[in-house]
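Novice: From first to last, the protein sequence lines stand for chains C and B. Residue numbering for the first sequence follows the numbering used here, beginning at 3 and increasing consecutively. Residue numbering for the second sequence follows the numbering used here, beginning at 91 and increasing consecutively.
Just so you know, nobody snuck in bad clues.
A partial selection of chain B residues facing chain C, derived with a Cβ cut-off under 8 angstroms:
| # | residue |
| --- | --- |
| 1 | Asp536 |
| 2 | Tyr540 |
| 3 | Ile542 |
| 4 | Gly545 |
| 5 | Ser547 |
| 6 | Leu554 |
| 7 | Val555 |
Below are the DSS-like pairs computed for lysine-lysine, each with C-alpha atoms no more than 25 angstroms apart in a straight line:
| # | chain 1 | residue 1 | chain 2 | residue 2 |
| --- | --- | --- | --- | --- |
| 8 | B | Lys453 | B | Lys336 |
| 9 | C | Lys144 | C | Lys156 |
| 10 | B | Lys453 | B | Lys274 |
| 11 | B | Lys274 | B | Lys132 |
| 12 | C | Lys55 | C | Lys68 |
| 13 | C | Lys113 | B | Lys577 |
| 14 | C | Lys144 | B | Lys577 |
| 15 | B | Lys453 | B | Lys518 |
| 16 | C | Lys55 | B | Lys532 |
| 17 | C | Lys55 | C | Lys13 |
| 18 | C | Lys156 | B | Lys532 |
| 19 | B | Lys561 | C | Lys156 |
| 20 | C | Lys128 | C | Lys144 |
| 21 | B | Lys561 | C | Lys144 |
| 22 | C | Lys55 | B | Lys506 |
| 23 | B | Lys506 | B | Lys387 |
| 24 | C | Lys235 | C | Lys200 |
Source of the hints: derived by calculation from the structure; they are not laboratory data. Heads up, the beta-carbon is just placed ideally off N, CA and C, and yes, glycines get one too.
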Amino acid sequence: MMALLEVKDLKVRVEEREILHGLTLTVNEGEVHAIMGPNGSGKSTLSHVIAGKPGYEVTDGQILFKGEDLLEMAPEERAAKGVFLAFQYPVEIPGVATMNFLRTALNAQRKARGEDEYSTPDFLKKVREVSKSLNIPQDMLKRGVNVGFSGGEKKRNEVLQMALFEPSLCILDEMDSGLDIDALRIAADGVNALRSPKRAMVVITHYQRLLNYIVPDVVHVMSRGRVVKSGGKELALELEASGYAQFEAA
Amino acid sequence: MPAVQETVERVKRIDVDQYRYGFETLIDSEKAPKGLSEEIVKFISQKKNEPDWMLQWRLEAYRRWLTMQEPTWARVDYPRIDFQDLYYYAAPKPKKTVSSLDEIDPEILKTYEKLGIPLREVAMLEGVEPKVGEEDPARRKIAVDAVFDSVSVATTFKAELKKAGVIFMPISEAIREHPELVQKYLGSVVPTSDNFYATLNSAVFSDGSFVYVPPGVRCPMELSTYFRINERNTGQFERTLIIADKGSYVSYLEGCTAPQRDENQLHAAVVELVAHDDAEIKYSTVQNWYPGNSEGKGGIYNFVTKRGDCRGANSKISWTQVETGSAITWKYPSCILRGDNSRGEFYSIAISNGFQQVDSGTKMIHLGKNTSSRIISKGIAAGKSQNTYRGLVTAHRKATGARNFTACDSLLIGDKCGAHTVPYIEAKNSSATFEHEATTSKISEDVLFYCIQRGLSQEEAVGLVVNGFVKDVLQQLPMEFAVEAQKLISISLEGSVG
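This is chain C alone, in the form it adopts within the complex (with noise of 0.2 angstroms):
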């Protein structure tokens, strides 16, 4: 199996604070990886590391996507590469049609990766299509991005983009936080079906209900900005009973 993801020993820092004190993870093609860990424990800078948020300062190790310095990529262009976070609390862009950004991004990416652009019939195909699979109403496209979506139509906002975009490697982060359990369910769904041998998760979470939906093939906990153990999908469940605070302590 082919490593898609390789993080190693990165320190990042915010302002003067460490948070991340050295990571190391490795995430191969077709994996599922679920992170877990307190709230604090760099999570989501790793998230946000990986897709290129500015405002972190990498000062030590290394991020390898299929083999290439991610970190020497400006972010539109890791996004061209394959590179998708899903977020937590996806931003609302008022008077931008859904459908006009999803074309404007899914064809910006394409241009990048030196690609034909969808034409406007192609595409149209195209989305109806995966927004079908998803049972995305074509009413939620016609709707600014996001603006006044319900947390659910958010996120499954988020999952649409992942399928059209056909990303090799998919971030979630924090996927559950503000869904009822039937959403959770449907957003749920729709990451499992777009579950691939080509095509890794890492889903980040601080809870074991979202692994109850998504099965991960690793799961990793991490606490003050390290990966202090691997386990299987039972390491979950254990952490669920016995809590993070053995984990304080290491």
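We have chain C; now place chain B onto it with these hints.
Specialist: For chain B alone, kept in the frame of chain C given last:
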């Protein structure tokens, strides 16, 4: 959003300081001597072969102007203008009467070609001529009046408009050919005594467009004027007068550009609109005068008085403006809602970048019963610019049932610019309903990062967010203009982030 895509392509090819329309046309021109005096006013009037009543009108304005003070209440800051150091009249040579486009200096035609404005009707006739009844909407005709410095150089589709009874010609020609209309309406909306710049304009205006739409006629095409200031140290003072008679309709577009120069140029225009019973006038502007360079040097001072008079019952006047250029903008397109049930609208996008200063807005003056008005203003400030919305909504004692809705939204890009909202609201009767909403927001880092994570570059992300912000107003523009405006918006914000 294909237009956004196109914009982005364009933006990538230019750098911050590059103003697309900044070229200069080398042609001979005839100028009046520098400075302003009764002699200059007479000179202009004589050049135009004007009747005596017109000269007297100008002189009266000039004499009044001498007694007036330059206004200082706007939130703009600039060195005092030396009005004796300007040329008040410049005309491209040869200035014999032009009867067909072939007689126009080819250099001028080339200028308009560079600006993307088709003056040659011939071009429209080439290729496949759409059959009667199956008009190709993509090749919709637009009649153009082109004003170069002080003089109107060409008006297209005159014959076709004449058939419909529509008069569309340079105002200098209208003064000679339709004196009864000009005398009746000129200065009836913006009187010669109105304000410092309007009074100056009344004294020295040299050309502009005149439109008269007869009763019951729907003008068969969009009318358009393109203004171009070419000469150095020249003030441009055009005068536009549009009259929509009972039950008529006209849509008018105005575009403006100027060369890139280190010194400031003055533009003080007056636009008067008159809508009679059941008539409608839609006036759209895409203003892209040179804004000055990245250090704030040069650029146009745009001090303009635009006012519409809804004179008849059920009449409607709608102003839509996209303001991206000029070093300083001082402009308040207004509506006097005189007729009962008349309606005024003001849709505005004002963008400032670099060192631009914008003080713009509108006045809605409710005089008739059950009059209504709507104001949607979108101000976008970037760089080190200052952007002010200044608006007045007032209901007269007799304007029972007056209604106004105002929404002013400001968007800030970066942390060195400013947005200000100064609304004045006066209701002199208790049945008026005025609503005012205002918001100020910043393009957040989170929104930009979201777009960038989806594959957009920083510039593309800003363009997308801004175009979303102004969407309500863009929708009011005729299609061709909306596309142009969308491109302009992104181009003028180039270099505003990062």
